[in-house]
Structures are given as C-alpha cells and as structure tokens.
Amino acid sequence: MPENSTTLAKPSALERSLGKVPEEFRPVYEGSVAFGPSLTVERFRYKNGLTLLCCEDDAAPVLSFHTWFKVGSRHERPGKTGIAHLFEHLMFGETEHLGPGEYDHQLEEAGAETNASTWLDFTQYTVNAPAGALPLVVELEAERLRFLSLTEKQVSTEKDVVANERRYRVDDDIEGATSELLWSTAFREHAYHWPTIGWMPDILGFCPEDCTAFYKTYYAPNNATIVVVGDFKLTDLLTRIGTAYAPLTASELPVEDVHPEPPQIEERKLEIAKPTPTEKLVLGYRGPSLGDFDHVAISVLGEVLCGGRPSRLVKRLVHELEIASDVRMSVGPFRDPGLIEISVTARDETTAEALLAVVDEEFERVKQEPVTQDELERALARLELGMLASLETVDGKASTLGFYETVLGRPATAFERLDAMQKTTLSDLRRAARTFLRTSARTTLFVRCAPEAEDSEAEEPETEVSDAAPEAKGEVVQ
Amino acid sequence: MKPKHSVIRTTVRGVPLILETSHALPLVNIAVARVTGAAQDPEGKAGTSRILSRLARRTAGGRPLQVIEESLDRLGASLGSDVSYSATSLSGTVIARSLDKFADLLADAVGRPSLDITEFERLKRETRAEIIDGLDNDRALGHRALRRALYPNHPYANTSAGTLKTLAAIEHQTVVDFDRLVRRRDSLVLGVSGSIELEQAKALAERVIEAVPEGQAPKDTLTDPVIAEGRKLIIVDKPERAQTQILIGLSGTQPTDEDHTALHVAATVFGGTFSSRLMQEVRVNRGWSYGAYASLPIDRYRQAMTLWTFPSKDDAPACAKLELELLEKLVCDGITPKELNFAKKSLVRSHAFSVDTAAKRMSLALDSTILELPEDYYDRYEERVSAVTLEQANAALKARVDPSRLVIAVVGTAKELQERLQEAIPSVTTVEVIPHDSEEL
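These protein sequences, in sequence, are chains A and B.
Here this note's numbering is used: the first residue of the first sequence is 1, the next is one more, and so on.
Here this note's numbering is used: the first residue of the second sequence is 1, the next is one more, and so on.
For the record, the hints were derived by calculation from the structure and aren't laboratory data.
A portion of the hints provided could be inaccurate.
[To be verified] A partial selection of chain A residues facing chain B, derived with a Cβ cut-off under 8 Å:
1) Asp104
2) Pro277
3) Asp294
4) Leu385
Where is the CB? At the ideal position from N, CA and C, for every residue including glycine.
Kindly produce the complete structure, drawing on both the sequences and the hints.
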C-alpha cells in the first residue's frame, strides 16, 4: 500500500487464506488499509501485474465486482477521439466462446446487473451480483478480457448506438452541449480538450482494426485493477481470479503522450444560442488535479459557495434576488488539473450577464473576507453526510475504491480526504479562492434563448464557438 | 441464503412504525409518509400536495427557511419532500450523532408548519421557474404528454408538480385548507432505518406525531383510469431535435390483480433487461436507440405499461413501427418457455439488490403499507414470481395488453416527423401536435 495509507499488520487469517491458494495462481499480498470504521481493504498483485482489491462485507448476500482500466479519453489522439468509450460498448459483445448477447444473458439470468463508464482518466466495468454468482462473474469477466471478437458488424452497429448516445447526451441536451464547448475551449493542448464520447466524425470513422489495436494495447492485466466488495470467501476469490486471469500476459504500456496545458492568462468568452426558455451562464475556472493539496480546500469552498440553499451563491441568486432557478458548482476529480465548473440557470428575462455580475461579486467577497467558521462547519458536515451515504451499497464502496486506486493509486483516499477536510482552515479556503477563482483563468459561456438557432453536427470546433458533448465527459452506460 | 435482517412493525399511538436497525454506517434514515397524494389534489389545482409538502418543510415550527436549511447542514442532515399519486412523504438522512436535534426539526415540519404566506409566494415563484426549466428535458416532456393523453379526466393525467396553468390557480388559502383536511395522525406511516434501536425509534415517532391533529384524512374515491380505444399519436413539437423521445403507453395491471405478477414477468421478457426482445431488436440488432425499455409501474390504481426508446429523427418512424409490431407479436404468440424461465430466474435472483440495505427494506415495507398491500407482499416476491406459469404469463398478455388501444407520444420537430410517423404507424386514429411550451403540459 502507498506510504501515506494506514497499513495494517498482515493478519494471520489472511496468511492462512493465501496459503490455501495453489502456488501457480497465488498473488503477492501488498498490504491492507482501513476503509472506514469497520471494513478493511486488502491489496494483492498477480504475476501478470493484475491488481486485486478486496473488501469483505457480509451485510447482505451480494457482491460488486469492478474492473478498472487506466485508460480513458486522455489516452486518445485527435482524429481518433471516443475510442475508449466506443470500446467500452464493444466489451459487451461477442467473444470466442460467447455468442451475441450471451454475456448479458448469462449474467442477467444469474440475477446480476452490468454497467460501465468511461471518463477522462479511466474506463470501468461493474457487475453487481448475488454472492452465489461469483464463479460465473469471474469466468465471464476473464473471457471478455481474453477472447473478445471485434467484427465489422459489431463495430458498425455499436458506432450507431454511440452516435445515438451522443445525440441524446450532447446534441439535444443543453447541459451536455455546453459542457463540451466549455472544455474544448478551456483546453487547447491537453487531451481534456476533446469529449470522452468523441467528436461525431471520429465516432463514425472507427474500423475494427482501430478497436483491435486499442484492445491489445490497453486491456492488459498490468493496466487493470479488479475490485471486489461484498459477501465472498477470500481463498475462493483469490483462487478463482488467479486461475481465470493467469493466461493473460502483461503488455508493454505506451508512454503517455499527454501535453500539459499551458497556464491560461486571459479570459475566454463564448456565446451560443439554443432552443431553451431561459438564459444560462456556464463558467470554467482552471482548477487543481485531484492529488493536489488544494483540491480538498477548493472542494470545501465549493460547498460554502454552492452546496445547498444556505450556500452563498444559491442564497443570493435563488432565494434573495430570485434571478436564478438553479446553481451548481463542481470541482473536476481528475489526474491532471481540470476545471471548476459553475452553471447557473436564469429565471424569466434575466440575462446571463446579470447572473455573472452576482457570481463575480460573491467570488470577490470570498477572496477579500474570510468565510465564517459556521459556514465551514456546515460545509464539512454536508460533505461527511454525502460521503457516508455513498457507501451504503457494495457498489458504492467498490466505486469509491476503484476510482481512487485508478486515479491516485490510493484506494482509501475517500477517508483520507475526509480527514483532510476536517483539518481545513479558513485560511486554506481564502488561499484556494485567490488561487483558482481568477477571471483571467476562466472560460465564460453565455447561452442565449433561440428557438430556431442553427444546429451543427458535432465535430471538433475550429473556432471558439461551436456546438457539440456531455454529461460529464461521457459517463456512459452500455 | 437470506439476508441477516428483520424489519420490525409496531405502532405508536396507533400510527404504524416500521423499523430496521443496522449499524453498518453511522446514519439514520427516516420517512414520514401520509397516505394522501397528488391524486387528491383539488380539481384544476394539480400541484397542491407538492406545494403543501414543500411549504411545511420550509416553515417548520415557524422558522425562516434559511434558519432551517442552515440547521440541517450543521447537523449533517438532509430532508426532502416526495409526492406520489398515493402518498406524500418527508424523508431524510442524518448522521446518527445529530438525531435528537434533527427530530425537533422534523417534528415541527410534520406537526407545526406555519405555512407562512410570504414563503408560499416565494415557493410558488420557484416552482413556476422549475416547470419552465423542465422544457429543456425532452424525456420529461414526453412523459407529461403521454399521461395527459392516456388518462383524460383522471388525476393520473397530471404530474405531481402540475402545470403552469394549475399552479397559477393555487392560492395560499387553497394550501391552508388542504392542510387542514389532510394533515391527520391516523393517515401517517413512519419508516426508520439505520443506526437506531427500537426504543429510540419509538421515542422519535412520539415526538414526530405529537402535534399532528388526530383523525383521518379523507380517502380518495377514484376508480381505475380507462384507456380510450384506438391508437392516438401525440407529437410534442420542439425545434432542432436531432433525436426523438418515443413513449408508448397502454393498459397495465395493479398489484391486487390476480395476473399482475404474470404480466410483470412477461413485461420483463419484452423490455425489462438488456437481453429483452425490445433491447435486442432496437439497440443490439439495429443500433437505433441507446436504450429500449418496457416498464410496468404500480400504484393504488391501475397504471399504464410504458415503452421508451430514443432514436434519431431519421430512425424514429421505423422504430415506432417496429415497437408496435413487436408488441403485437408478443400478445399474439406469447412468450416462450425459455424466455419465461430466464425472466423468472433473473427477477428472483436480482431481488437481492432490492433488499440489500436496511434503508431499501424499510422503504419496501413502507410502500406495501401505503399501497394497502399485505405486510409480506415484498417478502413473498420471489415465491410469486417463481410460481408464474407459461399459460398465466401469456394469458395475462392477452387479457391486459391491447396494441389497438394505446398512446404514442413523440418529442421531436413536428415538421420533420409528422408525415413520416403517420405513414409508418398503422391504424392511427387521432393525431395531435402540441407545442413543447404549451401551458397544458
């Protein structure tokens, strides 16, 4: 486990479990870490580089089996955008030993549900299953990692599905369209410039060879982490995974070719028209990476500013002035510096400029005057509640572990962050405000109401104003 | 193997209390439900139940809204209102250490709301803005249009939020009068789960119901809605749509129908899983829509079975036609033994995820009470599904699903779609085009 995790002593019961695994399939135990007040996560690594995180939780006879790959849209290149996401779709198709639809059919018959998502830094697959279905889950997950078929027909049909998904999540969706435009404008060099779902011409241009090359390069055991949370027996799990995944060989992963984004030194402004009843304001400030010390501070500040009705922006815009119906703020949880996004929906005839004036005023205020201790404590309590609530299900726990392991290499970071948040001071918040909420490092998008505004098929914008993608860089369901 | 849990049912001053203790996380979930919902909104004033519930939350004990919100945040608590056709609930989650103070707030929201007129006016303006924002949500527009056409002259035609027109008709006095009518102790049901023991839960229930006037709210006198004959096509006209939303509604069942579970199994074969006929034909084989689903929602009165796809504008006519053909084939030929076996196994085994947390188990027990179902309704779910035979599933399809009697709601750009849809869909009896920003939606 990483040095800043709380490493526990290797328990003897665990040693016994490991000892029962046949030697040729036995992984190396790498350590344990506490995951909240009552659970422990153990990490193992198999000979081919496959990482396994497991967390026994027998509160219900179910388990969640996740496979996380360190490949997302950041690993793509211009002209081939969207392949990580398209490939995620293809993983539900035929394999050498499974006919069309058989993967889902067998798992659904076992009472399991499957899903997947792709984002900037990762691709992730979920199987939530009754505990008794573990042997089937391991067998099928290993099967598609070893024997996936990538035929012309499969690729062609799935491209159509993805094109439809793009229309649904981006082209006909105000939020998706504005988010895509915001990111493609704020980032010019870095791979975060393009949307995870990809530009439409790129999606339609993929061929089976592109997909095969991607599969061979990135879907390797040394680029994957399996996370299992729920009701299982450790020896059984270690043996099954060892046996099923052992034939996979490690690949030589390409050196990342991501270009760091130069600092933004002047505001970028855009205006688009959409068939929407009210104007919208969308802002993107250049923010910290997830592993940055200040990510915690700006996240807490985000709660103070925009976390519920008593937060500063919601209180001013929605409650007191009644010029907005909705205000949201999020801090990008990415490996490289991302965006701090703010979106505000106007009420009635209010203009986006009027909304911006209030946002600017409030941001200036947090830079000049410290927020109150009471505001800080309220924000921390909200964040604690949200974190605890996200851990109610086995899937919630597996998602949290897999995400932090894949992006930061530290699976229990959720609790480390909670600890760090509790130590956040008023000074930290003011520093974060002054560091990140700078107009010169901002991209500003005004959305006007235009029932008959011109439309365009989404492709890489050549100018700053374009039309194109998504609900969070393409969180995609199969 | 059964989960290690037990839901406790008891009463406090005659009010049902459902509890499941679990110390897995230091959280407590509480729901205070009243068995009166949007179906009882006053005539022409759809949205009243929702306004009342939100107003009660915003004026708990006469506190100003900002004081309530700040208190909730400080406690590490959430409190929301939820209105269905059959019930109105205030439900929340709190970090266990703050339970006592949270109970004070909740008791005031349930028993001592001031229903302040200034807050009412503000809430009404906010609700109006939310309804306008809803114009950006094509799927929601499709659902509104579908309900309106499926259930004319029945409260199920409305959504719980109402429309701009019905919202405008709601006065402060409407809400005050409605509150007097429905806020009655004998119409309450409480559900509690999480890090809390029985005695604590009983004490909590005592506090929450203490100030609620005794007696019972009037019961509704509704009947099941009847779906009109013929195939009705509704186009919700919205500019610049690259894609459409297609919703098809037709008769369904309710839990008290003898053939409800049989139809539930058949509907699962048709559109309840990724392996279903609809998903395979629409998405997997043709790539027409990212999703293709059929659902059979339940309520106190019979709800419609609903199909949902979202193809591009180019594929929409062919997709709607295909869906209807698949539906006709389903009713005519029935499902196969293999499909039945698959659906039953899938439903029975996946039920584990409906009951894998204390909060979910409590919620199901609460639902069965609200819908006046047997206490063990959800406990016996697996048994009921396992018992469905091929004959029962196919008989339910023939008896309940009538492809000649349905509504097809399509959200898209009418000038690009109307003619092609009418050509593609056989036996359409009426066509209506509604602007997406109509006050009726």
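Practice task
Could you tell me which of the hints above the structure violates, numbers in ascending order?
Solution key: Hint 3 is the one this structure does not satisfy, whereas the remaining hints hold.
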